[in-house]
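J.: Residue numbers for the sequence shown follow this note's numbering, so the first one is 1 and each next one is one higher.
Careful, some of the hints might be misleading.
Unchecked claim - List time: in silico SDA-like cross-link candidates among lysine to any residue, alpha-carbon distance up to 25 angstroms:
#1 K259 <-> S291
#2 K280 <-> L298
#3 K214 <-> D105
#4 K259 <-> K214
#5 K32 <-> G50
#6 K280 <-> R309
#7 K214 <-> S29
#8 K214 <-> A22
#9 K60 <-> E178
#10 K265 <-> R173
#11 K60 <-> A17
#12 K32 <-> T85
#13 K86 <-> E163
#14 K259 <-> S307
#15 K214 <-> Y58
#16 K52 <-> N109
#17 K214 <-> V186
#18 K265 <-> E178
#19 K259 <-> V180
#20 K214 <-> K280
#21 K32 <-> R68
#22 K88 <-> V180
#23 K88 <-> G50
#24 K259 <-> D105
#25 K259 <-> K88
#26 K280 <-> S291
#27 K259 <-> E163
#28 K52 <-> S64
#29 K32 <-> S44
#30 K86 <-> F55
Stated by the list, open to error - For each label pair, taking beta carbons as the anchor points, the in silico distance ranges come out as:
#31 N114 <-> R301: 41 to 51 angstroms
#32 L308 <-> G102: 19 to 29 angstroms
#33 G102 <-> T285: 40 to 50 angstroms
#34 E131 <-> G25: 48 to 58 angstroms
Honestly, the hints are just simulated from the structure, not real lab data.
In this text, a Cβ means the ideal position worked out from N, Cα and C, and glycines have one as well.
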Amino acid sequence: MSNLNEVAVVSVNYFGADDTRACLGSMLSDSKELRIVVVDNSPSDPGLRGVKAEFSSYVKFIDSDLNRGFGGGNNLGIDWILENTKCKYILLLNNDARAQRGAVDKLVNCLQANAELGAVGGLILVDGSDEVWFGSGEVDFARGGGRRCSSSKPGQVDYVPSEFLSGAVMMIRRSVLEVVGGFDPVFFMYEEDIDLSLRIREAGWSLGVCWDAKFYHRVHGSQSVSSDTGHIPRWSPLNPNFDFLVYHNVRNNIINIRKHVRYSKLVNIFLVYPFWLAFKTLNATRGRGFSAVRTVCLGIRDGLSQSLRK
């Protein structure tokens, strides 16, 4: 058995008190040894007051003075843990995700047994089903960034190798975070987990997904992109959050290309990406008109002009 008192959990709340309550319940039902930090990106949310009263004995709540986005919110929690605890493993967990009993322990065991891993993710299932939402990931900047894979787990292995990990469930060694740092706040929302994953790999570690550690994810709960008929794709013209989601996907994918792709590889990406982007945009105009073009163009402009952290 691993030592769960060596594990700290960070979860970010943004007007999602019910999700946060369920997430904390799943963590604490597994073990009260966990050090749990909840960062509230919506300090004006009255719904979280009840959650704070219910869990204050076991959870550290940090109120952000503003909405710092996914990465910035997580960074507040990570910084607090590094400064105030000696925990060896830090689990980043979406507040709309729940852990199957024993899942956190299995992630720790996987890291302890595989020194080459800098971070490990869990098998993420769509909440209420056995559908695999994230089993591993491939980085494909030519087609918008990260591609989630749900292929079956090979037999008799501790983990499935992955090019990136989903920020919804990501356990990182403390020693790794002390080298590479947390999320780059330039992203605000989306694609920041790809950037952090690539920085971990560039520093010499590998990434993997432990399929025995199961988590259930409500899928973009904070962005309301699901409907009675199922999940609405990011690029669908029917998505009520199309402008926000697509803008940040385009902007942040371009930022990742600028940060991580060598000049010798850029030609291969730009032989495909403009056409992929044009196809997606054209399809979106059928339901959203010229506003879809404007959203994509803003993302391109800001992705190219954004100053990058050294």
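J.: It remains to establish, for every hint, whether it holds in the given structure.
T.: Structure-based check of each hint:
no.: 1; hint: K259 <-> S291; in the structure: 28 angstroms, violated
no.: 2; hint: K280 <-> L298; in the structure: 15 angstroms, holds
no.: 3; hint: K214 <-> D105; in the structure: 11 angstroms, holds
no.: 4; hint: K259 <-> K214; in the structure: 32 angstroms, violated
no.: 5; hint: K32 <-> G50; in the structure: 19 angstroms, holds
no.: 6; hint: K280 <-> R309; in the structure: 29 angstroms, violated
no.: 7; hint: K214 <-> S29; in the structure: 15 angstroms, holds
no.: 8; hint: K214 <-> A22; in the structure: 16 angstroms, holds
no.: 9; hint: K60 <-> E178; in the structure: 21 angstroms, holds
no.: 10; hint: K265 <-> R173; in the structure: 30 angstroms, violated
no.: 11; hint: K60 <-> A17; in the structure: 15 angstroms, holds
no.: 12; hint: K32 <-> T85; in the structure: 16 angstroms, holds
no.: 13; hint: K86 <-> E163; in the structure: 28 angstroms, violated
no.: 14; hint: K259 <-> S307; in the structure: 11 angstroms, holds
no.: 15; hint: K214 <-> Y58; in the structure: 23 angstroms, holds
no.: 16; hint: K52 <-> N109; in the structure: 31 angstroms, violated
no.: 17; hint: K214 <-> V186; in the structure: 30 angstroms, violated
no.: 18; hint: K265 <-> E178; in the structure: 30 angstroms, violated
no.: 19; hint: K259 <-> V180; in the structure: 14 angstroms, holds
no.: 20; hint: K214 <-> K280; in the structure: 33 angstroms, violated
no.: 21; hint: K32 <-> R68; in the structure: 28 angstroms, violated
no.: 22; hint: K88 <-> V180; in the structure: 15 angstroms, holds
no.: 23; hint: K88 <-> G50; in the structure: 30 angstroms, violated
no.: 24; hint: K259 <-> D105; in the structure: 34 angstroms, violated
no.: 25; hint: K259 <-> K88; in the structure: 28 angstroms, violated
no.: 26; hint: K280 <-> S291; in the structure: 13 angstroms, holds
no.: 27; hint: K259 <-> E163; in the structure: 16 angstroms, holds
no.: 28; hint: K52 <-> S64; in the structure: 15 angstroms, holds
no.: 29; hint: K32 <-> S44; in the structure: 28 angstroms, violated
no.: 30; hint: K86 <-> F55; in the structure: 22 angstroms, holds
no.: 31; hint: N114 <-> R301: 41 to 51 angstroms; in the structure: 42 angstroms, holds
no.: 32; hint: L308 <-> G102: 19 to 29 angstroms; in the structure: 40 angstroms, violated
no.: 33; hint: G102 <-> T285: 40 to 50 angstroms; in the structure: 48 angstroms, holds
no.: 34; hint: E131 <-> G25: 48 to 58 angstroms; in the structure: 23 angstroms, violated
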